[in-house]
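The sequence shown finishes on residue 259 if you use this note's numbering, and the numbering steps up by one all the way, no holes.
Keep in mind that a hint or two might mislead.
[Unchecked claim] Think about it this way: if two alpha-carbon atoms lie no more than 27 Å apart in a straight line, the pair counts; the simulated DSS-like pairs of lysine-lysine are: (1) Lys-249 x Lys-83; (2) Lys-249 x Lys-192; (3) Lys-83 x Lys-245; (4) Lys-83 x Lys-69; (5) Lys-245 x Lys-69; (6) Lys-83 x Lys-73; (7) Lys-249 x Lys-4; (8) Lys-4 x Lys-192; (9) Lys-150 x Lys-69; (10) Lys-150 x Lys-4; (11) Lys-73 x Lys-249; (12) Lys-245 x Lys-192; (13) Lys-192 x Lys-69.
No lab work stands behind these hints: they were computed from the structure.
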Amino acid sequence: MIDKTWATPQEAVADIPDGASIAVGGFGLSGNPMELIRALHAQGTSDLSIASNNCGVDDWGLGILLADKRIRKMTSSYVGENKEFERQFLTGELELELTPQGTLAEKLRAGGAGIAAFFTQTGVGTQVAEGGLPRRYDGSGGVAVASPAKDIRSFDVTGTARDYVLEEAIVTDFALVHAWRADRHGNLVFTKAARNFNPLAAMAGRVCIVQVEELVEPGQIDPDTVHLPGVYVHRIVEVGPRIEKRIEKRTVTAPEEAN
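Using the sequences plus the hints, can you model the full thing?
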């Protein structure tokens, strides 16, 4: 039997070196692999290039790595509520490759599927395709590094020729992922909104490390309910169901007064 379980988050991430590229699951604060991120932060790993939808917030998620200047580059679709993310980008301390959200998802999926690149209409007619999108500022308001122009081709797939932009896949050294349930073979089940970018990040990593709330024996997960097969997963750490899960913005409606 291939048992992919590891004892602790610290052991699971111990070989991630400085300068590594990492795909990280999560959307806002939903589905963040927080125990793995904490372990990576505690061991002092730095100079990281991270592909993730956003960068958490100032004191949660990837935000704790960003706050200590451990991240060199982000490939993201959303700066979000993280003021430090914004500050580091605008002052030239952080490189940012802004990527349309759906395109980012497909770049990660393509990396895991062995697809080198793909054409999409998203971004055609904008700096995403034409180049010039700031990736790093010089600290004085000028652009030090800008995005290059991408290949554009015309295809007729609907009866009308349209332009499409070529996007390259993302493959990273490691992936950090949160799942709800896993068996020891690495078959994963996600729950509700935490599914988000986690399966895609898992696919993109050459070494995929997963924190799970519940670990079960092989055969205890119905094959029809598996969201991501264990072929993509290399290490599993059980962190339990009582880990802290934050809400980025809580919106409530006042109850109606009783008649």
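| Does the structure break any of the earlier hints, and which numbers would those be? | 7, 9, 10, 13
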